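Chain A is already provided as a structure; the job is to place chain B on it using the hints.
Okay, here's what each chain looks like letter by letter:
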Amino acid sequence: GDSVTQMEGPVTLSEEAFLTINCTYTATGYPSLFWYVQYPGEGLQLLLKATKADDKGSNKGFEATYRKETTSFHLEKGSVQVSDSAVYFCALSPRSGGYQKVTFGTGTKLQVIP
Amino acid sequence: EAGVAQSPRYKIIEKRQSVAFWCNPISGHATLYWYQQILGQGPKLLIQFQNNGVVDDSQLPKDRFSAERLKGVDSTLKIQPAKLEDSAVYLCASSYPDRGTLHFGNGTRLTVT
Chain A
1 GDSVTQMEGP VTLSEEAFLT INCTYTATGY PSLFWYVQYP GEGLQLLLKA
51 TKADDKGSNK GFEATYRKET TSFHLEKGSV QVSDSAVYFC ALSPRSGGYQ
101 KVTFGTGTKL QVIP
Chain B
1 EAGVAQSPRY KIIEKRQSVA FWCNPISGHA TLYWYQQILG QGPKLLIQFQ
51 NNGVVDDSQL PKDRFSAERL KGVDSTLKIQ PAKLEDSAVY LCASSYPDRG
101 TLHFGNGTRL TVT
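So the sequences go chain by chain: A and B.
Residues in the first sequence are numbered consecutively from 1, following the working numbering.
Residues in the second sequence are numbered consecutively from 1, following the working numbering.
Hints are computed from structural coordinates only; laboratory data are not their basis.
Here are the computed lysine-lysine pairs in the DSS-like style, where the Cα-Cα straight-line distance is at most 25 Å: (1) B:Lys44 - A:Lys101; (2) B:Lys78 - A:Lys101; (3) A:Lys101 - B:Lys71; (4) B:Lys11 - B:Lys44; (5) A:Lys109 - B:Lys44; (6) A:Lys68 - A:Lys56; (7) B:Lys78 - B:Lys62; (8) A:Lys60 - A:Lys77; (9) A:Lys101 - A:Lys52; (10) B:Lys15 - B:Lys44; (11) B:Lys44 - B:Lys78; (12) B:Lys62 - A:Lys101; (13) B:Lys11 - B:Lys83; (14) A:Lys60 - A:Lys109; (15) B:Lys62 - B:Lys83.
Covered stretches of chain A, going by a simulated chain B footprint (3 or more residues, C-beta under 8 Å): (16) 42–48; (17) 100–112.
In this text the structure is predicted, and so the values were computed from the model without any measurement.
Glycine included, each C-beta is placed from N, C-alpha and C at the ideal position.
Just chain A, with the same shape it has in the complex (with noise of 0.2 Å):
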């Protein structure tokens, strides 16, 4: 079946400085690829996302490339702030079907420090 695999956290950074959370997928066809982040205390919310292959999502100064040659979908941002501090979900949604069916990972969580 489809998954999502994360880079396990915590992930502990200073102001500034530069953030890559790597996400790999598995599944059949070419599957839509979202980011999503959950800040202490609330749901999760929509960070970026990208429906087919090559195509960059970006948000708030984080971004993400579809990469169908090495199933990636890497989220980066160049200058974290302490702001970002949060749990950050990849997460998969096949094409195939009229219901959308999405499988999350088990999130990195995110800690920036001033």
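What follows is chain B alone, placed relative to chain A:
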């Protein structure tokens, strides 16, 4: 637009008791999901509705969990009887049926003692 509403926010019960959670999705979202998120893990899909019909409940422990979505809008998830391992955050999400972007509520944190 108003977001996904869930209640209660927190619930503490003893094992073998029953509990129910309520979810009101975003208006117009035909697809509704219930996820279980155990501490330190990613959300696991329990059940997915399309309008008031079940699309996927393959990971729902049907001997103790039940869910319904009457009239294709609000939904309730029930656990009876609860076990210690049911301690988790229960997340409700909704979406348009042909898109993968989910909108989540803030969740209900359940503690079973």
